[in-house]
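Model the full structure from these sequences, guided by the hints.
Just so you know, the sequences run in chain order P and F. Residue 382 in the numbering used here sits at position 374 of the first sequence, with consecutive numbering throughout. Residue 196 in the numbering used here sits at position 188 of the second sequence, with consecutive numbering throughout.
Please keep in mind that the hints were generated in silico from the structure rather than gathered at the bench. Be aware that a few hints might be false.
Which copy is meant is left open, so a pair is good if it fits within one copy or across any two.
Calculated cross-link-like contacts (lysine to aspartate or glutamate; reagent style DMTMM-like; alpha-carbon spacing at most 20 Å) [what the hints assert, rightly or not]:
| id | residue 1 | residue 2 |
| --- | --- | --- |
| 1 | Lys486 | Glu403 |
| 2 | Lys382 | Glu336 |
| 3 | Lys306 | Asp50 |
| 4 | Lys306 | Glu504 |
2 protein chains.
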Amino acid sequence: MTTQESRTRDDAAIGSHKDYVTGSRPDLRVPVRRVHLTDGRDVTLYDTSGPYTDPTAHTDVRRGLEPVRAGWIAARGDTEEYPGRPVRPEDDGRGPAAGDLRNLDALFPGRPRLPRRGLPGRPVTQLAYARRGEITPEMEFVALRENVAPEVVREEIAAGRAVLPANVNHPETEPMIIGKRFLVKVNANIGNSAVTSSIEEEVEKMTWATRWGADTVMDLSTGRNIHTTREWVLRNSPVPIGTVPLYQALEKVDGRAEELTWEIYKDTVIEQAEQGVDYMTVHAGVLLRYVPLTARRKTGIVSRGGSIMAAWCLAHHRESFLYTHFAELCDILAAYDVTFSLGDGLRPGSIADANDEAQFAELRTLGELNAIAKEHHVQTMIEGPGHVPMHKIKENVELQQEICDEAPFYTLGPLTTDIAPAYDHITSGIGAAMIAWWGTAMLCYVTPKEHLGLPDRDDVKTGVITYKIAAHAADLAKGHPGAQAWDDALSDARFEFRWEDQFNLALDPDTARSFHDETLPAEPAKTAHFCSMCGPKFCSMRISHDIRRTHGSGADVGSDAGAVPGQDPALDEEIAAGMAAKSAEFAAAGNRVYLPLAD
Amino acid sequence: MTTQESRTRDDAAIGSHKDYVTGSRPDLRVPVRRVHLTDGRDVTLYDTSGPYTDPTAHTDVRRGLEPVRAGWIAARGDTEEYPGRPVRPEDDGRGPAAGDLRNLDALFPGRPRLPRRGLPGRPVTQLAYARRGEITPEMEFVALRENVAPEVVREEIAAGRAVLPANVNHPETEPMIIGKRFLVKVNANIGNSAVTSSIEEEVEKMTWATRWGADTVMDLSTGRNIHTTREWVLRNSPVPIGTVPLYQALEKVDGRAEELTWEIYKDTVIEQAEQGVDYMTVHAGVLLRYVPLTARRKTGIVSRGGSIMAAWCLAHHRESFLYTHFAELCDILAAYDVTFSLGDGLRPGSIADANDEAQFAELRTLGELNAIAKEHHVQTMIEGPGHVPMHKIKENVELQQEICDEAPFYTLGPLTTDIAPAYDHITSGIGAAMIAWWGTAMLCYVTPKEHLGLPDRDDVKTGVITYKIAAHAADLAKGHPGAQAWDDALSDARFEFRWEDQFNLALDPDTARSFHDETLPAEPAKTAHFCSMCGPKFCSMRISHDIRRTHGSGADVGSDAGAVPGQDPALDEEIAAGMAAKSAEFAAAGNRVYLPLAD
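Next comes the structure, spelled out in structure tokens:
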């Protein structure tokens, strides 16, 4: 392993630079962020931001990212290129009669490329490779990224305890892994809706989210230009992209759920798989008999996909095509290595509905579907709630892990109370940290706009940062090797008044620096041995330094440790003498508690 | 019990109004906030905002609040008025030689009143009364406020499991209780420092904090005008005020910790007790022999009080005056009913230092001091950390409850990671929710400015709201009777598209409303049966309503529950017939999944 030392300063994150750790082959370059401390040391952090933060890389959103995995995929020799399904106006929510009304400027202009799929009967999934004992370049990549042995990665994938979402048609991704033995991951949702939409905004939100640490991005667009938006997002995304194909399928039947068919859905899945979607949420666990279980709920069905499938089931009064065609769906996903995210269509939407019969009935069905997916070598994770009070969170993970053979759990929050709209990143950040500690592998972020509107750029950042906090707090609580080194580096900097290092090590250096500067804007304040909270006289850290300097050995207080004054006169006398000596020593050392600022 | 229905509209919180529940005497009026729902019902919420949100009350910060408890205190006949200690220039951080340099405009002009104290030898504490079996008006007040029997309040106080901080010289307080059987409480810190300061700002921050739900406020001023700032804050505060007398004492010796004496400290405590401080943080658990235990810590001693006392102990090489004069201090506090908040001077300041020997050694000493305080009938709570990773939080509560005879635990956060300066309200909100669930009675808020600067008005609000979320999430998890009614009311409003009710029930109605209006500003959008996240076609709640309308009984799917299709041909046939019938029924009912907006 060699490290390419390209010490170019990264303007997007002062005090750090983008670097790469190279693996067993020159085209296997794992991105990292190196934070340069003023004491000369470096701290290396996991980096999700893609080539955009690499000043030596040339990026152009109209061209897309370099297909870094293309060579690895082709070299496996188990896939073929083929003409692919033609793109139709209705893929972008336009009626077939109207012809192609799309704004041609919005069409993605990048490199033309034929879609690729597994040769007939060949599952080309990381799961299939892992089961065969193969360590793929993708697995080696994540092993370097997570600082574990490649064999650990292979084992976890082979056992179904982790997924490595990597569609053969999304060669631009930097491989990452989702599983409880690895760092907890964060997903950020983006997507236009019928009410507001802009392709540029969605691409910008994607790069912005990964800039702050999103490990995957879900494109949940529901308005027009769904296909084209997704193309732009995929071609420019360094992280795996997830979708809910049902949303687009519903657009194709003009929002009439009962008119959905397996054929329309299947066509949409293939359309998206050919584009390169890495994981798909599939609400195949919503069975007809579970729908009535939601009738007495406080908030019914709150999952869009769940409610659409429930309506379909009722309209036709039979099990959904997602359930009845599940094996066929598996074969499609296996041909592209699309990972299942089995959706929790009946998740609770309020504290009152948490952990109810409907929710857990669906979970048991997801367990059955997980087993079927694994038979077909499809990587699979399971989605979880939702709104859950703290005392009911643990049961969710434990049950999911038991029912689904430890398949990775991927939860939305959960929100621990319903009373704080506009602060649901916080109500859910609490639940997210806890559920991740107990074994959830990936957290779907919630922004301050949840329940109220569509997140803007600031909301996306706030959501990602909040969830990075939850994920890292869980990494610490799980004792993930190396997680605490980041905290330790920041706390060392804090104790030693290395303000610039504190800022640069912060999850959000920009905001940390600006908050500090609001009260003490002068440059010297950044090296001052106190801060604006307490001022020089009250700075506990300064006093601590003084104590350490004078009494650093930790053993100089003598034999009185544990003694109770006044209970042993002889001991008391001995102590008194020792104390007087110590007191004199302190006075001789200057008797000064606070050192001059010039110190 | 009668309710005064003064339906004056409260401008500060549209859609709700301030009301009072009157107890067994006309001057016992417990404030509540009544939220008026559009369906005609009211939801009653706990209210900490004082007379400021009552449009029928006349408030004037230059005069102070009405002394609502004055009659109760006087009627007990166990206190006396006396001339009190003269206020000196050094009380406001001015040198004695300089004379009284205080800005006279800043002197509090309100009603002149002599201080009051217990008659010689008479502890006038709520603890003493409770132990004698007396239910004071203060106890009845909190019983109404918490919706429990007065006897429960008396029992919890008598057992030392709860405190009711209520200095006889702070008759303006609306009584509140801190204990694990009651609603989890939130404290907000305010206070000027040597770097920035303004009396007006601090008074405004206090009323602002209580407006958003702070149950107590600590005035941690360390700059000039400490005495005068506190006077303004106390006279205008409807909630108990806490302080750290050591901060002011240190100002009196010009910041030279080693020059602190019991006499100066005692004089400061009496000064503050005469003003009406309701609880005082006392770092009496920092013993000389514990200081070296911090020498190998990552961040040493981070408590200001702890570091000052550690420096004193080292300078004199004997136990601190707080420890050696603790019994005398108890007698002073008992004469005013000042509650102890035994400070955790050795709390961890980083993840690395959590739950270490220094921290738990001090906790054991706090346990001994708690027992001494109780012998003197002084109400006592115990302070806790700090920075603690999630997996080490529970041990803190369990140990504290065991060592301190279940005295109320009062914690700062804890912060669950060190890596997110500027977001420490969130890193700590996670820990706060968990530690409160496990039994912590009061949470000291942390603002986004923690570690970086002094909180401004927005930071105070963000800190309080975050901690109200943590406290309420804990109330839910503890199964506090009535806590979930708030969540249920809001979720009902959400499911029924009553947008105005959602806003009015929100912890922060203003922000919830403005976030909604950013995307869908038109007034009709507030009654629309969908919102901007999904648009009309994708609204899961609309679909749920449709499902409920068509299949509301929850029993109409028939006998197929639990059956596995394809395993019993006879059953399959029977189901198929029933399904076809149901399908026809759905079609006959209009076959419409989405109802017209005009519905």
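Right, here's what the structure says about each hint:
In this assembly of identical chains, the alpha carbons of Lys486 and Glu403 lie at most 20 Å apart whether taken from the same copy (18 Å) or from different copies (16 Å). For the homomeric pair Lys382 and Glu336, the shortest alpha-carbon distance inside one copy (13 Å) is at most 20 Å, but the shortest distance between copies (72 Å) is not. In this assembly of identical chains, Lys306 and Asp50 lie within 20 Å of each other by CA distance solely across copies; the values are 18 Å between and 52 Å within a copy. Within a single copy, Lys306 and Glu504 get their C-alpha atoms only as close as 53 Å, which misses the 20 Å cut-off; across copies the closest is 10 Å, which meets it.
The structure agrees with every numbered hint stated previously.
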